[in-house]
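1 is the number of the first residue of the sequence shown in this note's numbering; add one for each residue after it.
Rather than coming from a laboratory, the hints here were simulated on the basis of the structure.
It cannot be assumed that every hint is accurate.
[Unchecked claim] Capping the alpha-carbon separation at 20 Å, the derived lysine to aspartate or glutamate pairs in EDC-like fashion look like this:
1) Lys258 with Glu229
2) Lys17 with Glu412
3) Lys102 with Glu229
4) Lys258 with Glu99
5) Lys102 with Glu330
6) Lys110 with Asp203
7) Lys110 with Glu99
8) Lys17 with Glu171
9) Lys258 with Glu330
10) Lys102 with Asp333
11) Lys17 with Asp406
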Amino acid sequence: MLKALGNAWSVPELRRKLMFTAAILIVYRLGCWVPLPGVNREALGSGLDTQGNAITGLFGVFTGGAFNNLSIFALGIMPYITASIVMQLMTVAIPRLQELAKEGDTGQQKITQYTRYFTLVLAAVQSLAMVLFFRSGSVFPGVLTEATVIDLYLIWLTLTTGTMLIMWLGELISQRGLGNGISLIISAAILSRAPSAVQTLYDQGNVLNIVILGVLAAVIIAAIVFVNEGQRRIPITYAKRQVGRRMSQGGTTYLPLKVNMAGVIPIIFASSLLIFPVILSQFAGGDPNSIMGRISNFFNPGDPPYLVLYALLVLMFTYFYTAVQFNPIEQADNLKKSGGYIPGIRPGQPTAVYLNNVLTRITLFGAVFLATVAVLPYLITSTLNLGNQLFLGGTSILIVVGVSLDTVRQLESQLMMRNYEGFLKGRRQQR
Numbered sequence: 001m002l003k004a005l006g007n008a009w010s011v012p013e014l015r016r017k018l019m020f021t022a023a024i025l026i027v028y029r030l031g032c033w034v035p036l037p038g039v040n041r042e043a044l045g046s047g048l049d050t051q052g053n054a055i056t057g058l059f060g061v062f063t064g065g066a067f068n069n070l071s072i073f074a075l076g077i078m079p080y081i082t083a084s085i086v087m088q089l090m091t092v093a094i095p096r097l098q099e100l101a102k103e104g105d106t107g108q109q110k111i112t113q114y115t116r117y118f119t120l121v122l123a124a125v126q127s128l129a130m131v132l133f134f135r136s137g138s139v140f141p142g143v144l145t146e147a148t149v150i151d152l153y154l155i156w157l158t159l160t161t162g163t164m165l166i167m168w169l170g171e172l173i174s175q176r177g178l179g180n181g182i183s184l185i186i187s188a189a190i191l192s193r194a195p196s197a198v199q200t201l202y203d204q205g206n207v208l209n210i211v212i213l214g215v216l217a218a219v220i221i222a223a224i225v226f227v228n229e230g231q232r233r234i235p236i237t238y239a240k241r242q243v244g245r246r247m248s249q250g251g252t253t254y255l256p257l258k259v260n261m262a263g264v265i266p267i268i269f270a271s272s273l274l275i276f277p278v279i280l281s282q283f284a285g286g287d288p289n290s291i292m293g294r295i296s297n298f299f300n301p302g303d304p305p306y307l308v309l310y311a312l313l314v315l316m317f318t319y320f321y322t323a324v325q326f327n328p329i330e331q332a333d334n335l336k337k338s339g340g341y342i343p344g345i346r347p348g349q350p351t352a353v354y355l356n357n358v359l360t361r362i363t364l365f366g367a368v369f370l371a372t373v374a375v376l377p378y379l380i381t382s383t384l385n386l387g388n389q390l391f392l393g394g395t396s397i398l399i400v401v402g403v404s405l406d407t408v409r410q411l412e413s414q415l416m417m418r419n420y421e422g423f424l425k426g427r428r429q430q431r
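Could you put together the complete structure from these sequences and hints?
Put into structure tokens, the structure is as follows:
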């Protein structure tokens, strides 16, 4: 990774992309500390870190502490993630969206535009829910109880605008920087909480817990890298074909099927959906005795219902996103058109069935691994009595490591492409 960064820094074009990405992430982190207008900072005190619970801790991790400080980015990027989930589900179910998805860049731009509109609606609704939650004063009295109607409107407008601004910053990184912008923003938010988590462990003074968590983190990182890089190679043979006046040479290659083809997307999707009942509870006023309040408490992070549903959602989204990424029928048709076949398997439908069976088996291992990594740290945290403030568990590590691997992979591919272009240019000059 360091070698790839060093090589990229020596290339002016990639250096500009790295600096642009770093600058956007710095802007995002600065926004996490800009306070909302009309908030009683004295009532807020040292932030929600010392007053919150498991829910506020989870919000704090995915917003990089912006929620705990009630900054302009307190709502985070979760409305965009939820909108992306719904749009992907609708793309599978609605024929019109399926046609747009097959139109290439033009259709994808329209789907992206629909996702932006839906994000705006969700951000507006969730901002209103957050305002009503703090306005009620049932959990954090004094923060907004004395705010005027103008103050509440400004807070609602600022929270909504903040989410749209984060989405825009993420798209800027994807277009002009390196890596997936939204994933990098989430990773930056998670990593920003690491110093406070380490400080909390140090203040507790339990050396054994520090050693256990350190060993656990090292094992999880090694397992994540091992599974993310694991793949099943399907041998592909190409027969000789007559193309015009030339005879194309046949050969043997392979089709790589990754064990974890979905990456960190299932974890992010599952976490976003499990936060949704909390948003609805806030919209209802945050009353713990209401129906939505009881549902929110029932799915409290770390409790058995939450962990079971979390694991099931991770399994479901792993298969769903893998099916979106890889279509066995289309792959079999492409192989048949190009004259390729799998040894021992007939082209066409039998090839599609074979690829589907192989993908189903290896995806099961990847899905179980993701669910285990997501749930196990909660159990260990509960066993060691670490409290609700330590949320740098397997989910966070999985997101950070997965995004880092994807970013480095994109960086290496651009370096390879640039070297290849330089090689071809040198050959032309020699001629």
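Here is how each hint holds up against the structure:
1. Lys258 with Glu229: It holds: about 7 Å lies between the C-alpha atoms, which stays within 20 Å.
2. Lys17 with Glu412: holds, 14 Å
3. Lys102 with Glu229: violated, 29 Å
4. Lys258 with Glu99: violated, 27 Å
5. Lys102 with Glu330: The hint holds at about 12 Å.
6. Lys110 with Asp203: The given pair, whose Cα atoms are some 51 Å apart, is violated under the 20 Å limit.
7. Lys110 with Glu99: At roughly 11 Å apart (the allowed maximum being 20 Å), glutamate 99 and lysine 110 satisfy the hint.
8. Lys17 with Glu171: Judged against 20 Å, a Cα distance of about 14 Å means the pair holds.
9. Lys258 with Glu330: Answer holds: lysine 258 to glutamate 330 is near 17 Å, not above 20 Å.
10. Lys102 with Asp333: Within the cut-off at roughly 16 Å; holds.
11. Lys17 with Asp406: The given pair, whose Cα atoms are some 16 Å apart, holds under the 20 Å limit.
In the structure shown, a violation is registered for the earlier hints numbered 3, 4 and 6, in ascending order.
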